[in-house]
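J.: Please model the entire structure based on the sequences and the hints provided.
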Amino acid sequence: MPEVRASSLEEVQEAVRTYPRLRPKGGGSKPALSTPKDGEALLDLSGLRGILEYAPEEFVFTAYAGTPLKEIEETLRAHGQYLPFHPPLVEQGATLGGTVAAGLSGPMRERFGGLRDFILGVRFVDGEGRVVRGGGKVVKNAAGFPFHRLMVGSLGAFGVMVELSFKVFPYPRATRSLRVGFAKTEEALEALEGLRTLPLDLLALDLVPPATLEIRLGGFPESLEKRIQRLQDLLQREGEVLLEDEAHWEGVRNLAFLKESPIWVKVPSRPDLIPMLEGLPLGPRRYLAGGELLYAGLDPEGLQALRERAIPHLVLRGKADQPLHPPPPEAFFAPIKRALDPRGRFPLG
Amino acid sequence: MGFLEELKALFPPGRVLTREAELAPYESDALTAYRKRPLAVVLPERKAEVVEAVRLCHRHGVPFVARGSGTSLSGGSLPVEGGLVIALNRMNRILRLDPKARIAVVEPGVVNLEVSRAAAPYGLYYAPDPSSQPISTIGGNVAFNSGGAHCLKYGMTAGHVLALEVVTPEGEVVRLGGESLEGVGPDLAGFFVGTEGLLGVALEITLRLLPKPEAYHTLLAAYGSLEAAGNAVSQVIQSGLLPGAMEIMDRLAIEAAEAAVKAGYPQAEALLIVELEGPKEEVEEEAKLLAQVIQESGATEVRIAQSEAERQAIWKGRKAAFSAVGRLSPDYIVQDGVVPRSRLGEALKEIGRLSQEYGLRVANVFHAGDGNLHPLVLYDGKKPGELERAEELAGEILKLCVRLGGSLTGEHGIGVEKKGYMPEMFATEDLLAMERVKEALDPKGLANRGKVLPGYGQGPHPGEVYA
Chain A
5 MPEVRASSLE
15 EVQEAVRTYP
25 RLRPKGGGSK
35 PALSTPKDGE
45 ALLDLSGLRG
55 ILEYAPEEFV
65 FTAYAGTPLK
75 EIEETLRAHG
85 QYLPFHPPLV
95 EQGATLGGTV
105 AAGLSGPMRE
115 RFGGLRDFIL
125 GVRFVDGEGR
135 VVRGGGKVVK
145 NAAGFPFHRL
155 MVGSLGAFGV
165 MVELSFKVFP
175 YPRATRSLRV
185 GFAKTEEALE
195 ALEGLRTLPL
205 DLLALDLVPP
215 ATLEIRLGGF
225 PESLEKRIQR
235 LQDLLQREGE
245 VLLEDEAHWE
255 GVRNLAFLKE
265 SPIWVKVPSR
275 PDLIPMLEGL
285 PLGPRRYLAG
295 GELLYAGLDP
305 EGLQALRERA
315 IPHLVLRGKA
325 DQPLHPPPPE
335 AFFAPIKRAL
345 DPRGRFPLG
Chain B
6 MGFLEELKAL
16 FPPGRVLTRE
26 AELAPYESDA
36 LTAYRKRPLA
46 VVLPERKAEV
56 VEAVRLCHRH
66 GVPFVARGSG
76 TSLSGGSLPV
86 EGGLVIALNR
96 MNRILRLDPK
106 ARIAVVEPGV
116 VNLEVSRAAA
126 PYGLYYAPDP
136 SSQPISTIGG
146 NVAFNSGGAH
156 CLKYGMTAGH
166 VLALEVVTPE
176 GEVVRLGGES
186 LEGVGPDLAG
196 FFVGTEGLLG
206 VALEITLRLL
216 PKPEAYHTLL
226 AAYGSLEAAG
236 NAVSQVIQSG
246 LLPGAMEIMD
256 RLAIEAAEAA
266 VKAGYPQAEA
276 LLIVELEGPK
286 EEVEEEAKLL
296 AQVIQESGAT
306 EVRIAQSEAE
316 RQAIWKGRKA
326 AFSAVGRLSP
336 DYIVQDGVVP
346 RSRLGEALKE
356 IGRLSQEYGL
366 RVANVFHAGD
376 GNLHPLVLYD
386 GKKPGELERA
396 EELAGEILKL
406 CVRLGGSLTG
416 EHGIGVEKKG
426 YMPEMFATED
436 LLAMERVKEA
446 LDPKGLANRG
456 KVLPGYGQGP
466 HPGEVYA
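Residue numbers (the numbering used here), protein chains in the order written: chain A, 5 to 353; chain B, 6 to 472.
It is worth saying that the hints were derived from the structure and are not from the lab. On a predicted model such as this, the values are computed, not experimentally measured, just so you know. Hints may be right or wrong, so weigh each one.
For lysine-lysine, the following DSS-like pairs were computed, each having C-alpha atoms within a straight-line distance of at most 27 Å [stated by the list, open to error]:
id : chain 1 : residue 1 : chain 2 : residue 2
1  : B       : K105      : A       : K74
2  : B       : K105      : A       : K188
3  : B       : K404      : A       : K230
4  : B       : K217      : A       : K230
5  : B       : K158      : A       : K230
T.: What follows is the structure in structure tokens.
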């Protein structure tokens, strides 16, 4: 298996023109997506790193795609800012480009939205080695085809991302979390559904099966006490208040709860689907973002169950012939793929 | 059978318009400086009718333009001469509103504000709020990735569209996205939003709804200069606050708004509106910090809305500003370029200079929180050469925005109006990539021909849109 490293735009172009089939890899934190298949050359982008522009007062930064999220978050944190979609697998070395390609968000996506809500622009090398830019570097922009949004979840199908621009927000001054247990899944679900429709500005709202809710709040320390109290009243439960909650949520977003599982999957979920999903042999799991996002640890039987029921999912880690299920809709996807990657150098399609 | 005969066979009488007088209202959108006579207008009431119309166009090679209420300020729904207009206003049903799932499934002709009205009894709303929201349709909002005053915090339309059913220009019906906030695979729904009808027509749209904020704190501050108001915005951001909206109006815009709706605004060179929103306990704390920041920013007068009525009064002037400017001038062009927030001062200064140079007044109303300028270039279309001068001035402003690191459009789209400026913002290879995608999905170049892409798909008469 040939392996090539690219640390600049030119080297990416060179690699794309040289190898008929390429599998881009950043930090390798999602091996099911970055391990080359037969006939593919590995394109190691871990050297394509660094923050190119960051203007804290604009809430915008631009960085090379291979930049580890950890590095980006440290820089943002020094200015009291963060990536509000709270990307997972930071500890494992996830990069900005890999996170976009896989389309992953973490628990705090509940408050302001997911990755797709924060990506502003992209520069990528298409399947013919051409450099293409989409979007921009300002928080509001409606000019031209939004290639940046096309990259989200694309698994690299349309090109190798080189640069990405993102919107960021101020990090909450303080955070608190409330953990509340219920007797049954149905009760926890009912409480979750109630909270989702209320204007509570929750940073995170997770269901930990079978019947625990974990809720995170952010804001002024003076207001947080009152807001926690209000949550307790609403839920008619004291629960457990975590004053120092940072380490806990870092564990969650790094998917520490999947550690022992051979296969890691992302499943787009919804509260009304949870009872059905709970009936499957899924292993360790957690429903994030008000029940809209499931990360689960599986063995092959669990993966088989998802396939058999045609439940959309993405395998991040572990053996899977096709990590993405179902494939993208042919009538719209195929022409775009043909336009940007006519020789089929990149994954998918 | 010819195209028109087949079209008439597809639709009941009265829903295919071909007579001069019937076509006239569809000759332009809100950018009335451009007019084109379509061959016909169809008024579908169901998805299948839209699909059949698109397929018929594909078979006969007839270009088509889908439109809603025609509020595009960039000529995005300008017809193609001799083409078909698919007017979607009759497809205006909210098909499903599921408060538990926080989604609404709507037809493209649903008016934006209707979604929030329908969601209100459940404490939910649809966040994207272009100023045209009482009239513009969701289908058009999707085409242009519409914005509004709340984009910094809540993003644009793209983030709020979860799924789309689309008919491609070749007549294939495809579903993009899903009902969950999260998906797997390429975000094709996200990509479709903002492609201005060049890649197909949305037949059904699934929107995310949000809980309506519990409390608002709306502040109006007056300043002795535009620059001071602009600096105040930076100070608010630097304090770590994230307001739902921050809007600035200059003297000319204030005068116009006063003349039109008597909002009771203070006399000033510039007004800043800042609105905080969220849980009441949080807003209370934020308001204390905001008061301190605004005090230090040198505001000459500060008002805080004490009731919902006072809040609405503050917004009334702002929302009326565009139409109010009509009182100051027979005609005007609205631009909507974007600059990085920190360069707003520089941009406004240069706009002032250009205004002098061209001898045309420019009123400024803008979404200061996200750097989205709305310079209104005032002119009199009856005076020879004045429209051309106004367009040239507007063009200079767009180039300025790009030069400062911004964008040609924040929310109105490229349409026909700004496509000539696309090469200012995008390199040739970027534009060629857009063209390749367009060509792959629409080999005959029928869907909204002549828009967005400057060197492409101009039909049998190159340059016709500038004629």
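J.: Decide, hint by hint, whether the structure agrees.
T.: Checked hints:
1. B:K105 - A:K74: Violated: K105 (chain B) and K74 (chain A) sit about 35 Å apart, past 27 Å.
2. B:K105 - A:K188: holds (20 Å)
3. B:K404 - A:K230: Not OK: K404 (chain B) and K230 (chain A) at ~50 Å, beyond 27 Å, violated.
4. B:K217 - A:K230: holds (20 Å)
5. B:K158 - A:K230: Roughly 24 Å between the alpha carbons, so the hint for K158 (chain B) and K230 (chain A) holds.
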